[in-house]
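Asks: Keeping their order, the protein sequence lines are chains A and B.
Going from the first sequence to the numbering used here is simple: count from 1 and add 46.
Going from the second sequence to the numbering used here is simple: count from 1 and add 78.
Wrong hints could be hidden among the right ones.
Computed cross-link-like contacts, DMTMM-like style, restricted to lysine to aspartate or glutamate with a CA-CA straight-line distance of at most 25 Å [said to hold, decoys possible]:
1) K238(B) with E50(A)
2) K140(B) with E125(B)
3) K140(B) with E102(A)
4) K60(A) with E102(A)
5) K140(B) with E50(A)
6) K60(A) with E125(B)
7) K166(A) with D145(B)
Everything labelled a hint here was simulated from the structure, so no lab data went into it.
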Amino acid sequence: MSDELIERLSRDLKPVPRLAVARRLAIGLGVGAVVSAVLTRATLGFRPDMTEAMGEAMFWVKLAYTAAIAGLGCWIVERLARPAGDARRRTIWLLLPFAAVAMLAAWQLMQAAPGERMHKIMGGSADACPWCVLLFATPPMLGLVWAVRGLAPTRLRLTGAMLGLAAGGAGAAAYALHCDEMTAPFLAVWYTLGILGAGAIGALVGPRALRW
Amino acid sequence: MPTDPDLNALFLAGLDGDARAYARLLHALRPRLQAFFARRIGRDAGEVEDLVQETLIAIHTKRATFDRSQPFGAWLFAIARYKLVDHFRRTGRRAQASLDDAGELAVADESAASDARADVARGLAVLSPRTRELVQGVKLDGTPVAELAARTGLSEGAVKVAVHRGVARMAAALRGVPASKDAPPGGSPDE
């Protein structure tokens, strides 16, 4: 029985490309992110002042923050999706964007007049932002689940959480093309909330969705 | 089971497309996996054979997830352990046997064994000092039950019951908390 199986498995054996895992994850995240950007454009529309906004640092800070979380999350999953893969060191790096934006937000709040602080945090779309981030995180979430299902994570909840954070980052980056909030406190609170929500959903579905 | 450092090389050759090396590797793994699963789920040959085949298939379909800079033994043990825990989850049986070290799968590397050692240490930590002493004595040091009974003033039966319950508690604790390596959430596939 096993002999037959072994014969069958080793027949037509194809070489495995070295970057197979990274490539698969990049496809899942990349396709998902593009779909999210297209969805943002089709439903909410890109911000009308895009050209001016691109001249402002805060526009790029938002994209850098969200893209960094997406990239680092994916980089962590690249380890977690392997049996016996140890991602502890990589996980520490993920704290970097969160810490950087939190510090920038604190600095901006300290600079602001006391009466303006609340507005810097709440902006005009605080109630919609985390939900939109969650919504636009769905395509990259599906893409990454597809990718990881073809791999072999053994810590399904942790892998799901990291995959969710990565998807949240990608969804937030897509939503940032629509959102015209330009303060770090807003970014640090509401974007982060949406991204963490996506991470929680990932942790919730991981044990079922990622089983192999 | 003697260690065989060649398995690493055979697997790497297989990854590069060498079908003969790959078949040799799978043939060499088969008895090891059989011993690994038999020791943990008992003597039901059908069940063991199913798990062996499932694991061989997983090794094959998931071979791209092997990190060439890492030891093959750790990767193999992680897959076998995943399949074992998955089996326990499906059949609703207790996973106490999975606490054992990876002896049968020893492929000349330390990490699998140190993983298992970490698991055992973590499991022991949840026990009361008295129970820990008994479990450690009987299961790890191989001290005769009679000797432990004399030392602790318990009856032999009481020692056996305490050890049995202690091992069950360790298994429950290990299933409830994340496996040794990464930080907070996650863990065994049944989580």
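Asks: Now tell me, hint by hint, if it's right for this structure.
Replies: For each hint, the structure was consulted:
1. K238(B) with E50(A): violated, 44 Å
2. K140(B) with E125(B): This hinted pair holds, its Cα atoms lying about 22 Å apart.
3. K140(B) with E102(A): Between K140(B) and E102(A) the Cα gap is close to 46 Å, so the pair fails against 25 Å, i.e. violated.
4. K60(A) with E102(A): violated, 50 Å
5. K140(B) with E50(A): Measuring from Cα to Cα gives roughly 19 Å; hence the hint holds.
6. K60(A) with E125(B): violated, 30 Å
7. K166(A) with D145(B): Answer violated: K166(A) to D145(B) is near 46 Å, above 25 Å.
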